[in-house]
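Read top to bottom, the protein sequences are chains A and B.
Numbering-wise (my numbering), the first sequence opens with residue 1170 and increments by one.
Numbering-wise (my numbering), the second sequence opens with residue 1170 and increments by one.
Some hints could be false.
Note: identical chains are not told apart, hence a pair may lie in one copy or across any two.
Said to hold, decoys possible - Computed cross-link-like contacts, BS3-like style, restricted to lysine-lysine with a CA-CA straight-line distance of at most 30 Å: (1) Lys-1394 <-> Lys-1461; (2) Lys-1394 <-> Lys-1334; (3) Lys-1394 <-> Lys-1438; (4) Lys-1268 <-> Lys-1522; (5) Lys-1258 <-> Lys-1522.
Please keep in mind that the hints were generated in silico from the structure rather than gathered at the bench.
There are 2 protein chains.
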Amino acid sequence: MKTLGMQPSRRQFIQQLGLGVAWLGLATNASLVFANRTAILPFRQNAASLWLHYNENSLGMSPNALSAAKYAIERYGNRYPSASVDEFKVKLADHHQVKPEQLIFGNGSTEVLRAIATYSAQQNATMIEPSPTFGALKGYCKSENLNVIQVPVGQNFEMNIAAMKKRAMAQTGLVLINICNPNNPTGNIIDFTTMFDWINNAPETHLFLLDEAYFDYAQANARYKSGLDLINQGKDNVVISRTFSKVHGMAGMRMGYGIATVKTANKIKPFAAGFNLSAAGIAAASAALDDKLFYKKSIEYNQLSKSILVDTLNELELEYVPSDTNFILHRIGSPLADYAEHMQQNGVRVGRKMTLDDRWNRVSLGTPDEMKMFSQTLKAFRQKGWV
Amino acid sequence: MKTLGMQPSRRQFIQQLGLGVAWLGLATNASLVFANRTAILPFRQNAASLWLHYNENSLGMSPNALSAAKYAIERYGNRYPSASVDEFKVKLADHHQVKPEQLIFGNGSTEVLRAIATYSAQQNATMIEPSPTFGALKGYCKSENLNVIQVPVGQNFEMNIAAMKKRAMAQTGLVLINICNPNNPTGNIIDFTTMFDWINNAPETHLFLLDEAYFDYAQANARYKSGLDLINQGKDNVVISRTFSKVHGMAGMRMGYGIATVKTANKIKPFAAGFNLSAAGIAAASAALDDKLFYKKSIEYNQLSKSILVDTLNELELEYVPSDTNFILHRIGSPLADYAEHMQQNGVRVGRKMTLDDRWNRVSLGTPDEMKMFSQTLKAFRQKGWV
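Pulled out of the complex, with its shape left as it was, chain A reads as follows (with noise of 0.2 Å):
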């Protein structure tokens, strides 16, 4: 892997980055703070920044997606989409090979998980997931006030799903168990036969939300599977959420989905608001179903990026959790939040807390230009003592 010199000029780091200028153009809406200059590495300097804290796709969306989002806007931005959702809906399902019934729309797939607390606050059930994990069910569930059980990972970040089983086995009632998988912030899978077999022998009582943003990038690993074949056996106490934030590249569009069996997703829908998908959010998901080369190259790049970051971790002698995402949590020398300060005096954005573990970082995989820069940055950091 090419790696960049120490010092290129501004000039060079653009040509490299490719970026063109609306991107930098987006720099001046980030309000960086640039509270200590004498911080900033010669070559951050007025550099564009990189947002690396949100698990976006660096990318973009499809450029058909784009053309089909801003011909709806033009055509029918000031129409209900009704109908537009209906032939989605059948489009989707079809993608899937499910029923389109058994499709639970959102406004992002955090308003299906906010449907899924609604419901499970009826029940008065018990949530149980893993810390750390994806925040926004939990934050959901105390607003219901709903009893939130953490049950920790282990030493290498992976689930402790003994721990987990045994706790839902002592509630009684409704038992809504969150597994995002892959997880976040971890990055790491569940090996699908222990996911499985805890499933099939879990009571019917025990809900499991398996919230799948990061499939897409997971499933070349033959031990990554998703839980939409325990749906298709006919399993009623499973979801599945799904999102087009992602690899499509639309986290602004706020397009999202749950799959259930029709029993289930019957039960759920009647708490996620009606008419929750925008006109250009349905024709821009629709053109991205019908991209598949840029779904390659989204995946793609994503894979190279990944082995740009983890080339430079190695060399660093930074530990990391091998990932089956667009980001990676992994070690850093100094405390988070000196180093994210330091990073966002550099103009990346990164170093949001996410583990109790103060010296772990989670940076998400730009594109391949952006961690070429990113590890540049980290090895000036190892240089300043700072990583």
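Guided by the hints, dock chain B onto chain A, whose structure is given.
Just chain B now, with coordinates in the frame of chain A:
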């Protein structure tokens, strides 16, 4: 008001419509079913379809809003819109001269209603509303197993405030009172003195949801006032909801919000999904707030459309409810289902069942040209004995 001759040519109609190719193309999306071609009026054959069933804004949105939405998707459709939500929140708060913390954003105002329903369910509330009214809240409340009391409107479709008040006073605990003002599907308003008197003398346990989706069309009426005045006076038991779907022509963008005191807003916010606004929606709404000319045009066109329709209804001696909205509830001379079928056969989407009395139709006020066409169709229906 100029009225059209009985059977102008299709060419004349298209000229009169002045809609251009884009809008005509929309007809191909409408999946019209011409079940009985003999019922089609000569001048409606192959004419553009009229969508007058969802109280949308046929004008579309402000051209500036459209440009802003397209730009937003292109520039950061792949990013979570958290930064722009924060900016927009400040701008919208400024627009209403309230604090940003008083705003409750929703994916359309329906999500605000959904959040209030969930909040109320936690308190085991009773919901009271007039019948007929906009049905979303009732649906949400029923999914939450809330007790729903509907109080029929009077002879002239006026809300029976005295009866609603009496029912509310008979409840214990939280009472959610749903007042769509102006009301949908009736189009009429409540005199603000009556409403303010009720609210000012109600116990704090009576939470008034004032759905003001049609606020912009009603504010010229001296007997109308927004509940915002009460919130500004510090009333914690009032929430108003507003939308960009109507006067701003953005039904497909899914942008709505509620306003309450900070105390009340903080109670309701946790029940909306996070990240619930899209990049395109935020950009369009922000531009729309700045485009005072389009806003004025939107109101004026609606006024003109209303006068065209009212003239026709008067001419045909079809009773109607005086409207402060972008629709009119009017008497028809045949059962609604027959009327809707005849309209559907003639490419006019109208005639959804809205009231218990089968002889009333709610028609949305399209553009003035659309209303000429609709008036023309109504008159032809009269000739046929269909209305």
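Verification of the supplied hints:
1. Lys-1394 <-> Lys-1461: Result: close within a single copy only, 21 Å intra versus 53 Å inter.
2. Lys-1394 <-> Lys-1334: So Lys-1394 and Lys-1334 pass the 30 Å test inside one copy only (19 Å; across, 57 Å).
3. Lys-1394 <-> Lys-1438: within (25 Å within a copy, 36 Å between copies)
4. Lys-1268 <-> Lys-1522: For Lys-1268 and Lys-1522, the Cα distance is within 30 Å only across copies (29 Å; inside one copy 40 Å).
5. Lys-1258 <-> Lys-1522: For Lys-1258 and Lys-1522, the Cα distance is within 30 Å only across copies (25 Å; inside one copy 37 Å).
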